[in-house]
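J.: Below are the chains, spelled out letter by letter.
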Amino acid sequence: MNLMNCLILAFILFGIGVWGLIRRRHLVGMLISIELMLNAANINFISFAYFTAHDSTAGAIFSIFVFAVTACEMAIALAIIVNMYRRHHSLDVDQLRELHD
Amino acid sequence: MNYIVPDILLLIFPFIVIGSRLFCSTKSNIPWRIANVGCIAIFILLNFIPLANGNGVFFLSNWRVDDFGILMREVLMVSAILGIWLSKDYFEHSADGRPQLHQIAEFIGAIAFATFGGVVVVSACDLVTFFLGLEIATIPMYALTAWNKKDLIGSEAATKYILMGSVATAFELFGFSYLYGFAGSLHFTDIQSAVAAGPSPLLWIAVLFLFCGIGFKLTLFPFYTWAPDVYEGAPTPVTAVLSVSSKATAIAFLVVLVFGPLAPIQEQIAPLIALLAGTTLFVGNLGALKQSRLRRFMAYSSIAQAGYIMIALLGPATIAETAIIYYLFVYAVSNYLAFFVFAIIGHHREEIFASLKGLSKQNPSIAIALAISMFSLAGIPPLAGFFGKFHLFFSGASTGHYAIVAFAVLNNVIALYYYIQLIKSAWVDEPDGHLTPIRLTRRQRSVVILLSIAVVVLGFLPFLSNNIFSGFTF
Amino acid sequence: MINDVTLSYLIFILPLLSFVVNGLFLCRKSDKAAAAMGISANGIAAISAIILAVHYFTSGLAPQKAILFEHEFIPFGNFLANIGCLIDPLSIMMLVVVTFISFMVNIYSVGYMRGDRATGRFFALLSLFSFSMLGLVAATNLFQMFIFWELVGVSSYLLIGFWYHKPSAVSASKQAFILTRFADSFFLLGIVLVSYVVQSFDFSTLNDLTLSSFKAETIDLGLLVVSKADALILGSVLIFTGGWGKSAMFPMHIWLPNAMEGPTPVSSIIHSATMVVAGVYLVARLFPFFAICGSTLTLIMIVGAFTMVFAAVIACTQKDIKRILAYSTLSQLGYMMFALGVCQVGQTIVTTGWTASTFHIFTHAFFKCSLFLIAGSLIHQVHTNDLDAMGGLRKKMPWTYWCTLISILAISGIPPFSGFFSKDEIILAAFQGHHYVVFGLALLTSGLTTFYMFRLFFLAFHGEPRHEGVKAGHVHEDFAMTLPIVILAVPALLSGIAGKSLFAAFFVPGKIHAPQLVKLTEASWIPFAAVVIAIIALALAWFFYASPKARIAKALDESNRSGIYKTVYHKFYFDEMYYAVVRQFVIGGIARVARFIEDYIVGTLVNFSVWFIHKLGDLVRVAQGGYLPFYLGTLIVGVLLWRFLGNLPL
Amino acid sequence: MDTILFNLIWIIPLLTVLVCVPISANHGKLLKTIHATSATFVLLLVCFLVYRVYALSGTPVDENAAPLFLRFFTNIPWISLFNAHYIVGADALNILLLALTSFIVWAGVLVSWNIKGNQKVFFALIQLLATSVYGVYMSMDLVLFFVFYEMEALCMYLMIACYGSGRRDYGGKKLTLTLAFGSSMILATLFGLYFESGINSWSIVELSKVVLPMDFQMWAFPLMFMGFAVSSSLFPFHFWSPDGHSAAPTAVSMLAAGVMMKMGAYGCLRVAMFLMPEAAKIWLPYVVALLIFNVVLGPFIALRHKDLKYITAYSSISHLGLIFLGLAALTPVGLRGASLQMISHGFLTGLFFATIGMIYERTHTRDITEMGGIMRKIPFLGVGFVLAGFAGLGLPGFSGFIAESNIFIGAFQQESTLTRIVTILAILSVTTTAVYILQTANRMLHGPLPQKYESLTDGCFREKLVIVVLAACLLFIGLCPTWISEFLDQSIAPIFDNISRVGR
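Sequence lines, in order, name chains X, D, F and H. One rule links them: number in this note's numbering = place in the first sequence (from 1) + 145. One rule links them: number in this note's numbering = place in the second sequence (from 1) + 7. One rule links them: number in this note's numbering = place in the third sequence (from 1) + 105. One rule links them: number in this note's numbering = place in the fourth sequence (from 1) + 15.
I should point out that these hints are in silico values taken from the structure, not numbers from a laboratory. Check before you lean on any hint, since a few could be wrong.
In the DSBU-like style, the derived pairs of lysine-lysine whose C-alpha atoms are separated by at most 30 Å in a straight line are [claimed, not checked]:
hint: 1; chain 1: H; residue 1: K44; chain 2: D; residue 2: K368
hint: 2; chain 1: D; residue 1: K95; chain 2: D; residue 2: K157
hint: 3; chain 1: H; residue 1: K44; chain 2: D; residue 2: K364
hint: 4; chain 1: F; residue 1: K424; chain 2: F; residue 2: K271
hint: 5; chain 1: F; residue 1: K271; chain 2: H; residue 2: K321
hint: 6; chain 1: H; residue 1: K467; chain 2: F; residue 2: K134
hint: 7; chain 1: H; residue 1: K131; chain 2: D; residue 2: K368
Ranges of calculated distance between the beta carbons of each label pair, as one might list FRET restraints [claimed, not checked]:
hint: 8; chain 1: D; residue 1: T196; chain 2: H; residue 2: F210; range: 30 to 38 Å
hint: 9; chain 1: H; residue 1: P251; chain 2: D; residue 2: K157; range: 52 to 60 Å
hint: 10; chain 1: F; residue 1: L661; chain 2: H; residue 2: P463; range: 30 to 38 Å
hint: 11; chain 1: H; residue 1: G73; chain 2: F; residue 2: Y684; range: 52 to 60 Å
hint: 12; chain 1: D; residue 1: S32; chain 2: X; residue 2: A224; range: 23 to 31 Å
hint: 13; chain 1: H; residue 1: N22; chain 2: D; residue 2: I456; range: 24 to 32 Å
hint: 14; chain 1: F; residue 1: Y705; chain 2: H; residue 2: I297; range: 30 to 38 Å
hint: 15; chain 1: F; residue 1: Y541; chain 2: H; residue 2: I297; range: 53 to 61 Å
hint: 16; chain 1: F; residue 1: N712; chain 2: D; residue 2: I445; range: 32 to 40 Å
hint: 17; chain 1: X; residue 1: A224; chain 2: F; residue 2: G738; range: 21 to 29 Å
Model, not experiment: these values are computed from the prediction. Glycine included, every Cβ here is placed at the ideal spot set by N, Cα and C.
Here chain X stands alone, though its shape is the one from the complex:
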């Protein structure tokens, strides 16, 4: 249980998030993958705070802020997606082809 493992874990989590983001066709699924990526960042903060950083409270505080901010962001995102569903009657990203060159 050392810093490097935590970083690797975080990086894998981030990678999974990106992978899901690109693979998923469902908007909610994509939002969840984004959540994974954000949490990967959180893990980084916590682990840095625990192992190396000289003011270790800062990292924890930051991750708490992140939770808050992500919450609002997701709220808005879900609102928009709901509206989206009202208009298009589907949550499939393949439907989002109205706007293009």
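Let chain X serve as the given structure and place chains D, F and H on it in line with the hints.
T.: Just chains D, F and H now, with coordinates in the frame of chain X:
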């Protein structure tokens, strides 16, 4: 003390506006009037603040107000005021064949919040505040994009925007986390000293992720892909605010970052900045070549402008900050002038090139205003845009990056080409019958005239540039 | 007090004044006023020229050179181009000839141009021409000479094309200008080259050169590097090329016959008496310089001699009266040219040719001018240039008839008429220069000359009238036209006898830095030989065209003739060749290639670059497909891209 | 006092525009009168200043302006952000070019009296264009210079695309974009000049005192020289001018060919060669190779064209090639010849386009094969055209001859082999010029008169005035070249001194 007053006012201002809805009917003009009064008051107040000659003033150890911050506030306020003016018509009748907007108070509130977010970014001096500022600036934008609930493309644009934006946020956070891990602290001064002490792979990963993250917000290559769709899908005033305010915020973020914590390694990241700038402006110019819809066209043009702005980051701090501020002022004015013209067109016709036909015959004044704004964006002297670009290149060249400057300057030719395309459709093409001449309201005319004069004189009248920036020490 | 300087100013100012006044004010108002202006101006100029000449020759000043006035025109760094008036026997002689003849022609034009639409313009242009010609002959340096050389060319262009609604006249004027211009471009190159080597334009400097001083340093002529001495020789050839074109020597001769499309007074002053001898004058003026570049003189001799014979042969077959005269002018110019050429004897120089040539310029001016004026009045009466339509004019135009006889005897070199003296001196000079071929050709040509001139004479004046107008007796002599003819007959008759001693005394080319041939072979039999040949030719002409049993009709129709005759009659098809070359090679060849480069190569490159940019733009817009997962994919690409391209030391 | 008047030169046109803003476009007559008056006033003003400069010659100048002997030297801080100053001054060269400009602008206002379309905007644009050209010739500060230099792109496109004929949009775009391309090359090097010089100044006078680092000069000079050469249509970048000219309205063609194309050559001389002489000495002998196209092939292309404006455009291309030949000579005579050619070609091409425009107004065609014999109907315009033609083919008595002889003699003094070859070819190709000019004049003016042109009317007083004035200028320079040569030498000498500075 008076350094903090405008920020506090700006913080409570949106609550007042939204609150005013409780006391008046939906249709009434009162919120809009209040908004005007408030914004202009804050802007004037900002102009009364004496510049602090380089060294910032601190509040609670992590709220710094320095010259760049103050001037950035002014830019943001200008953008907000113009955005509010621009949005007024869209709440009175539908435009561009799309349903009309509602709840102007909340709309203005959102714009104000976004502006405040920009203020937070420029006055932050630790990563938390920094991150919060960026989010406060961004999240209202998502809402604004989706403001038109009944609009199909609006909701699609919002969806794309928020997904991409959240991913960008995730990238930034990841970068922040590594930066924190590298420096062991969130405070800029500590990070700067750590960076000066000697970079490490952690730092470089952080830099990479930070630049990619902000690349979304600043629409750098290849992260600009969301911009055209969102700019087209969003309501026109939102597009204008996006193209000015959120760009200003993003570039402020980079300035604070590059000349703050990362200042010691500016030399090493110069190639990265140069590459980002070059590719972005090239791709932006290429994309704008064959557009037929005005908002999408403006999207590409603003992508290219972002590339030009990046060049300034290559220079030394004072020159670069001056250049960026100056350019943002000029860019805000020219861009808003263009958007006002489009709005006037859009209220009667579709917002496409074809509906500009014969403008010079039917409404010469609008055609002239359009030509002025386009030539200014293309950077043709003596209009303000030229001096802005000149200053950006000046900053880039001052550290000897002639190659990228030359490349950017050559790209100006392509830019001129597509701006001329727009002017052509307004000036050369014959009017077709079913397009009736446009009648301007008094507000529209006065705003257009005001902005046109501003674009013409802002550049070469020396007293402006001398006084506004006298704070900077050369 | 009238001194030489004021006289010389007068000589130049008056024609210029007449040009300006006529051109700007009188030409639209009144033809009479214009004519009066032209005549009076040129008349006073002529008188003052004669006074100047008399004073110059009697005051013992001759034969030194003198510069009456000189003004700075353009300073070219370390050497100047001046405008001045140089007098020596040669230029004085030319001044007199030019002013006098232009005076005559001005008088003549009153009659000839009567009733024309633009008489005022005509007089204005005549004065412009005489002004430019005077400036040319009085030039003190090459640059001034070139300036007036060009002015002479343009006034000739304007006068040939005077009737600009006649397509033939227009094309003739264009051809004349362009051909001379072509030669002048070489002249200009020669001037630039020589002035670069010598660092001066002045004739005095040029005539005082010795090649030996230039052997040492070399000069880069672009493709080849030569010594400055050779550069000077090349320069002399280039300068002569200018004269070559202006005097219409052989390959560049075709413009002169075509120039006969212009009004006849113009032909008489410009294309016989004065302008065309400018080439000869140029060589004579620069003779010491040409003498040190010996090989050039040989070239001059060959060109002159060939033109002489060539033109004389063609003249024998022509039927257009003015063209006959034009070809005879060519042939006489050939005489003058080769007379200058024959001065080169091996390595030595003999100057008799120079004197003879200048003498011939003098005499030829008078009789050829009067011949043209006569042709003009004939044409004016019978309204055609064609000998077919003439004949039997002797009774109707007695004055003209006798003056014609005088001039024709003069040109045929029958003593005591003027041509005899000058031409004999030329032939003698050829003999003394041991150029026996040229000598023979000259003798032959004098015979040919006599033949075609008397052919013209007999066909025009003798025999039965072949023209209704003549038959009906509408033909009469116009006073204004006959007067100058009669006046000109006098010098045509006397200038030989009068001039001989004068020329012998004063006309020497000046100091020459080349070995002189001292001992000259005497050949007193030559004049007799020449006269005999002339008389035989006269007899032949009489037999063919005037004798009782001459069949004029048969002599005149060129059908059922031999191929050779046809070839000669069609001037050896030279015009056609020229057109072929110009049309096919220049316009069709070079110009088409140039246009091709411009339109296709350059244009294609430009269009390609534009197309390429547009293609790139399409690429960008293809990526913008509106497909969200693709957008998200760009993010990974971007991160990797900047990780590797951004050369971050990771 | 003179200084104030001098600065008025570029301010007056601007003020005229401002004055005309409130006047409605319906008062066409009033507007035109105002513009004509201001143009005439500027013309007189500039002529007076020419006299003043000539009268002042020899007297000492402001020591800041000493290296160039600039009169009316003005130096005011302008934009402190990048240290730009408002520096203007006049020496013989640019005061004469200003005079040329004022003449052409005046003529341009007069010939476009009956222009179709929104006259208010058109005349305003002409005045703006005039401002930019005046500014270019006056300014001694690189930023100011570039601002004015680039300004014309703004006016040019609108004027050609809105008021032109034929493929006006295409021509306008081609012209504007190519010029913008050139000026972008210039802008890129300007920054180099500022920062590499080590004195952080935009002032031409100051920069001329320092020797820029050689490695910088070696890449900056060709970039800047070609950048300027674009607007003077040097070979690879000449393609804009035929299409642009043929599409443009008369006045714009006059201004473009008459003065705007000189701005490039002027920039080459005053900025590129003057500030980077060492590189100039190395590069120019190779640049002349490009002139083979301009000078030798240009006339041949004109020979193949039927459209009057194309013919004139290619003749301009060849004449401007001669300017560059004079510059490349790098000798005082050659430089003077180049300056003379700038002025003389300005007048003659102005006269060319003016007469062509007037004839086009009457015949409604520019195809010379369709015309013929109209000399009889419109003798005045015809004579004007023929005079311009004579000046164009370098006939003595007209300014063209003076300039060309200077150029030829000066260029022949340059020892380099390539220059010699080009000079010889250039001298020989005066024939080609004669051919196409005479062919054009004959086809157009001479020969039988077609029936349809029986009713042509000769020029009105306004048109005659333009022709007379321009022709008078041509003849004046051609007939008394002495004073103008000596006058020009005052400003050629310091430039040449800088070019021939040694040992560094």
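J.: Hint by hint, say whether it matches the structure.
T.: To see whether the hints hold, each was checked on the structure:
1. About 20 Å separates the Cα atoms of H:K44 and D:K368, which keeps this hinted pair within 30 Å; it holds.
2. Of the supplied pair hints, the one linking D:K95 and D:K157 holds, its CA atoms being roughly 19 Å apart against a limit of 30 Å.
3. With a C-alpha separation of about 28 Å, the suggested pairing of H:K44 with D:K364 holds against the 30 Å cut-off.
4. Annotation: proposed proximity of F:K424 to F:K271 holds, straight-line Cα distance about 21 Å (limit 30 Å).
5. Pair hint F:K271 plus H:K321 holds up; C-alpha atoms about 22 Å apart against a cutoff of 30 Å.
6. For a cut-off of 30 Å, the pair hint linking H:K467 to F:K134 stands: about 28 Å separates their Cα positions.
7. Between the alpha carbons of H:K131 and D:K368 the distance comes to roughly 13 Å, so the proposed pair stays at or under 30 Å and holds.
8. Take D:T196 and H:F210: their Cβ atoms lie about 32 Å apart, and the range 30 to 38 Å holds.
9. Between H:P251 and D:K157 the CB atoms are about 56 Å apart, so this pair conforms to the stated range of 52 to 60 Å.
10. A beta carbon spacing of about 31 Å between F:L661 and H:P463 agrees with the range 30 to 38 Å that was offered as a hint.
11. As the Cβ distance of H:G73 to F:Y684 is approximately 58 Å, the hint placing it in 52 to 60 Å holds.
12. Here the CB-CB span from D:S32 to X:A224 is close to 26 Å, well matched to the stated 23 to 31 Å.
13. Roughly 28 Å separates the CB atoms of H:N22 and D:I456, a value that falls within the hinted 24 to 32 Å.
14. The supplied range of 30 to 38 Å is met by F:Y705 and H:I297, whose beta-carbon atoms lie about 33 Å from each other.
15. Roughly 60 Å separates the CB atoms of F:Y541 and H:I297, a value that falls within the hinted 53 to 61 Å.
16. Checking the proposed 32 to 40 Å range against F:N712 and D:I445 shows it holds: the Cβ atoms sit about 37 Å from each other.
17. Between X:A224 and F:G738 the beta carbons are some 26 Å apart, a value that agrees with the proposed interval 21 to 29 Å.
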